Structure formats: C-alpha cells, structure tokens
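If you want the building blocks of each chain, they are given just below.
There are 2 protein chains.
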Amino acid sequence: MACEKTYESCNYFGDISGAYKLNEIEQEPIDSISKIKLKLEDIQEAHNRIKNYTTVTPIIEAKYVGNHFCNVLLKCENLQITGSFKARGTFNVVTCMTTAEKGKGCTVAGGRNFLNAMTYSGLKESVPVNVVVPKDCSLADRQKYKENYAVVKVFGNDSNESSLHALTYCDEIGSHFIRCSDRLDLLAGYGTLGLEILSQVDKLDAIICPVGTGGLIASILVAVKSLKPQCLIYGVESSAAPTMSRALQEKKPTIILVKPTIAESIADKIASNNAFHIIKRYLTKMITVDDLWISRAMVNLLEREKIIVEAAAATPIAAIMAGKVPELRGKNVVCVLTGGNIKLSRLPHIVDRGLMAEGRLVGFSITLPDGPAEIARLLTKVVDTGADVRSFEPERSWIKRDALNVTVFMLLETSDPSHAKELEKKLLKDYPHSQIISA
Amino acid sequence: MACEKTYESCNYFGDISGAYKLNEIEQEPIDSISKIKLKLEDIQEAHNRIKNYTTVTPIIEAKYVGNHFCNVLLKCENLQITGSFKARGTFNVVTCMTTAEKGKGCTVAGGRNFLNAMTYSGLKESVPVNVVVPKDCSLADRQKYKENYAVVKVFGNDSNESSLHALTYCDEIGSHFIRCSDRLDLLAGYGTLGLEILSQVDKLDAIICPVGTGGLIASILVAVKSLKPQCLIYGVESSAAPTMSRALQEKKPTIILVKPTIAESIADKIASNNAFHIIKRYLTKMITVDDLWISRAMVNLLEREKIIVEAAAATPIAAIMAGKVPELRGKNVVCVLTGGNIKLSRLPHIVDRGLMAEGRLVGFSITLPDGPAEIARLLTKVVDTGADVRSFEPERSWIKRDALNVTVFMLLETSDPSHAKELEKKLLKDYPHSQIISA
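Chains E and D, in that order, are what the protein sequence lines are.
Residue numbering for the first sequence follows the working numbering, beginning at 1 and increasing consecutively.
Residue numbering for the second sequence follows the working numbering, beginning at 1 and increasing consecutively.
These are computed hints drawn from the structure, not numbers from a lab.
All the given hints hold, so there is nothing to weed out.
Because identical chains share one entry, a pair is satisfied inside a single copy or across any pair of copies.
As a list, the in silico EDC-like pairs of lysine to aspartate or glutamate whose alpha-carbon atoms are at most 16 angstroms apart:
#	residue 1	residue 2
1	135	388
2	135	384
3	63	147
4	104	171
5	269	161
6	324	290
7	146	416
All values reported here derive from a predicted model rather than from experimental measurement.
Whole structure, please, built from the sequences with the hints as guidance.
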C-alpha cells in the first residue's frame, strides 16, 4: 500500500524519495559473475541525458487486440527514433563518452536495430562509427548505416564472425569497441522505457515485453519493480529461440540451438549474464510463442490496429492471443512493441503466413479433366462461394495421374475458417481428389 | 493579431467568446444551391456529443518525411476507431437521432470507410443498420459489417448501382436512408478533427488534407479558419480523380471521368455541393499527385515512420515529397492521415510500386545463350554487384531471337537509383540485348 502511494505521487524521472528501492528488496547478494549493478538512479540519470535525443513514444489503447479479455495498451517503440527502443541505450552510450573517446570513434557489430541506433546516435553526437556486417547484410541496411555517415566493413558469413572480426579490427584502426549487450550504459538507457510507461499509465497491472538476450526486460524490471513492485512483468520469446527460458531452467545462461524464426531480432543464442541475474530474481513469468501466433499477431496489429511492427515486437500480442496469460483477464496490460524495422520485401510473406494461420488464405490442389471448359467450371464454382482467387496454376508436366487430367494449384482468400471449410466440402464433393493445403 | 490571441487563449471545445466567427468574415452570402450552413458551433456541439465514442488520435512528428524541408506533423486518423476519420461523422449522425429514429434503423451505401464507421456507430448506439454493397465488395469488408451486426445486402455492379438500390430498398423495409456525404451532422462530426488539431499543435502554419467529395476539408476549413484564419489549408487529390480541382475551375461541381488510382477512397466522380461552396471561399490551394508519388509516400511512411495508411491518406506526404508546396519550407505542417483501412492483400503491390518509383526495384529482360553455365554466370554477375534477386524467370517459348538463346526476366532489389544505374551499365556491357524495365 505504501508502494501504491509512492507510485501515485512520485516523479519517476527525478525524485525517488520514499520510492521502493530495488537494493532494499534484494534478499541474496548479486552473483559474483554479474559485474554490472544496474540501479534505478542509473536509469534516471540516463533519462536526463537522452531525453532531448529520443522520443516519448505514445501508448495507444488497442481497439480490437485483447478485446473481451484484457485492456491492451500498446507502447509504441516502433515509433522511437531509429525505429526501435535501442536508441534509448545507444544515445546513453554516446552521451556518456568523454570528448577524447568521442574523437577516437567506436566500432560496432550486432543486430540491425542496434547498428541502426548506434550509427544514428554517433551521427548526432559526432562520434565516428565503424560498422562490421556479415556478407548477407541487406543493401537497405548498409545504405541506412552509410546515410548515418558510418564506415561499413563487410566481413564473415554471419553476425558471429563479423562481431569477432570487429574485436580485432577496432584495435587495428584504434577505435573503441562497443558491445551490443550487457553494458551498464546501454541497460540504463533501455530502462528509461520502464520509467516512461510508469509516467504514462495510471492503472498498470502488467507489462509484457519481448526477450532476446534479456537487456531490455532486465532494465524495465529494475525501473518498474523499484517503483511499483506489485506490477507483473512477463517476458516473451520465440519458441524457436527460448534462450532465457532455458537459462532459467538451467539456472545460468546456456548456448542453445536457435531454429529459424520470423522474430529474428530476438533469436539470440545465449542470454546476457547480467540481465539473467536480474530476470531470475524479479520476472513474473517467461512465455514462448511460435511463428504462427506471431504472424497472426502481426496481421491483427496491421489490419485492426493500423500498427506496423517487426515480428519480435508482436510477440506480446501473440502471447495474449495464444491464451498464454489467462491470469491477466480484465487487467491493464502494457505490451511493449519494441521496434518496427521490418524489411519491406519480407512483409508480404509474413502477412500471408498470418492470413493462413487465421484461416483466411487456403491452398487447394485439385485434379480435374484437362480442358478450358472444365477449368472455367472450377473457377466459377470457387468464385460463387465468395472466395477471391489469389493464384491459379495448372500443372501438367509433373502430374502423376493420367495425361488427360490437369492438377490445378489454387490459393484462395476466404473470409474466415468456416468459409474455408465450406469451400473444402463443396470442392471435395465435385473433385474427390482435391487436397486442402493449410498452415 | 486579435485572432492570434484568441487562438492562444480560448478553449476550442466550448468557449468561443471572442473567437473569430466564420459568419462575420463571410463577404458574400452562401450560394442558394448550398442548403447546409455549417457553423463552428455545430462542430463544437458535435465534439461534445461524440467525444466518448471516438479517439483523440495522436499527432506524431515525422522523423524523416519532409526532413530538411519542413516540420511534418502526422495527424494519425488511421488510429481512429474504425480506422478512419469517418467515425467522427457517423457517431454524430447516430447520436443526433431520436429514439424513434434509432428504433427504425437506417440504410446506407457508399465507400468502405463510411460503411465501416456507420455499422460500428450503429452497433454502439443500438441502431439497426442495413448495408447495400455491390457484387465486388470484398469478403473481408462484408465480414466486418456483419461483425458490427449489420444486415448486408448485395446489389449492383458498382457502388453507384448499390447506392441507387439502397434508396428504394430503405422504403421497402421502412428504414431511414443516410447519405454518405453532404449532411450537416456528418460534416459537423468531421470538423472535430480540425478542433483537435488546433488543441494539439501550438505553432501551426498549415494543414494538408486529402480530398474526395470534399466533406472533411470543408469541415476543417470551418473549424480552423474560424479560430485561426491565418492557418493555410491545402487539399490534395489523386491526379486520376481531380474532382475538386475541376469543380474549382468550372466554378461548380461537375461529373468527371475518374481513372483508376490506388487512392480509391478519394476517387469520387463529383464534389459535394455544400463542401464545394466552403472550399471555394477559404481553401489556400488544391494540389494533385499521381499514383507513383502516392506509393513512394506510402513506402516512406511504412519504412521510415513505421506508419501504415491507405493510399488516399498518403497524398499529403506525396504532395510534400513531389515538391508541390515549395512555399511551406521551414513551416509546421500537419498532414492529415485520413485512414488506415488498406486491404492487406493489396499492400505488397503498392509497396513494390513505391520501391520501383524509388529506384529500388528494377526489372531487367536479358537475352543470353541458353545453358546452365551461362545462366549461373549471369546470376553471379548480378549478385556480385550487391543486388538481391527477387525473381528470375527464363522464357524460351516466346523468344523472338534464335532458338539457342533464352530470355531471362529478372526483378532485382537495389539500394538506390545510382546502384540500379551501375547495374544496368554492367549488364549492358556483357549483354547488349539487355533491357531495363522501370516504372
């Protein structure tokens, strides 16, 4: 109750008199492996340092997502400068540098959101930035870094190889290497997101946040649990990369085998050590969601809420839609939409996956006697049910049945799963060799 | 100067004492054809009526669009309830109805944004809504109206035919017909958008707003010109449907031949009469933009600002990007993003058009000796320049040159037009029969 009062009355960006201090509630000493001790004061100082560089991103009340279940508040870090929350950390990194350090410049490698934010922060604070990217780094990304006046060096087949190279390369060119995770200055910057949520939402019950190496959620935990300890905080990972879930099971960060996932910006092999130690103490629960739920969440955000995010940022919504947080019924839940840096050319495939998972895009393989009249009859039958024909491809060469038949592959847009079911029934009646192909 | 003071001090949603009243600045009497006299008071009353139903949509400062030219403020009506500004009008319509009128219900036809908003408003205020849509109305749209408990009737080949049918159909079923434009209650509701902009932006120099039949911009003119007459107000149309531009030329609303455009929600055949009379008196300038600029604006909004809008809503940004408002250099310009109801399956094509227009998606048709080694050599050459291969299609049957050759059609993603140019030069050197196919 004292905490509740503190929450109502204190100014999260400065005055912490009477606030619930994280150190006071710590029962066990910070593990010796953990070298960083992130404190609320670090985050508040970071806030003052970066506030003129970053955006206070809006919280938008979801209109449809979570409807009839809980009140979903979307914290739009996709609208943050550089398109992701990372800018909060990188601006704190560069503004903490001394003039001499700034002059020397820095070398970075890592995920695109980090590189994007780091090169932009460097540009704004006149810090020369060298970026090492792997060969498969997209042209659009390289272009963005160059627009921020970074020097882009291509090395290695994946980001691991380019990161390793960056470590030696920075010595060669006499510049400072900036790790993309587990730095106090980065974490302190990320934590400002937690303070901002507290200042924007009066009745906050829970926060759901995507988790990669764990830096963001750890910083949010420090900020929010210090000031409003009763707030529940959930982490969400892609089930293809359950890095933090595994670390919590094993009681230490462990290298895991990452499977391909659309949520690539949180598909990390190992959890950050410092983040892990904060998370294991204060997190309410870790959740995993699969790509199908993530793509359905993205489709719902796009189509219903008119909000575009990258796949990783849709995981909190996916967790709610997939029924993974039944205990949050009727609660006020902030979902952190961590970023919006989706590759435009990738968007159509993700949308289609989502539509398939929603039962609104269905594939049919149908074998019928070859001939224009028969094909016209099939198409008429389909269109009469109200379905839209996305694609229609007759295949004659590979057909395994007799040569007078043709197999047609059709991709159809339906209004919902029941419509798809009805269509299947109708087609099966006339074409017994039909096959429905769904996600 | 008196006006400036008024703007600084008055509450736009109630107190208009001392405000610059539109009626006072009218030099000539409203034309006799014009039957509606929209006044600031109507808009203020509408605001009080609908404020508990609609969203105060955020104004987001653009980070890239308009950069180095003017300060672009995005008024996000794509985040309005039902995904467009129309809800402001339709909620005013239903809340103005008497209990008897509500019980009788209403019949509507028209654009999807209007129908979406009207069915939703009906649902919320317990007004039975009958919707008449043409045959080509998409499944997703019909589904949405049904989710709002509307009765959906399909009639006619286009929205003209369905609208005409709705007029007789409403008599049959004894329900009230609600026109989709040129009603005082609709316009008064739309005008609340103007009041909201004034309450959100301190230093406002200009507003740029998409124009279809003209209802929205006319209402904004009444609201804003009454309270801040020095604010410039621009209208933008698709050059495929310059309805209002033509009306202003001809000095009266005239039926025009509408060409196909991606900005379909503002592709109207004729301007609203009442809107026209307000616009002709107070509008700063009408602008037209073509589909290429509109798709470029959409790509920039998506990729840079992380904001998804329908094509019509991107026209103000297109106008700035196309250099149509040179006089706004250095000014604070609100761009009204009228709606976000884009059909998801249409999005990829619009994005590709935009990328083509930006010089980042280029088609090549290349003829070369047929054989796997030659084809591999071509692909290697392309990939070595850093381009991404979107599609690669060899064509042998239709080839006009000799039978030992193959023509390959390639769609390539490049980083910018200069990269595309470099690629073209390189390919032309080795394959003199190459053809570049751009937008």
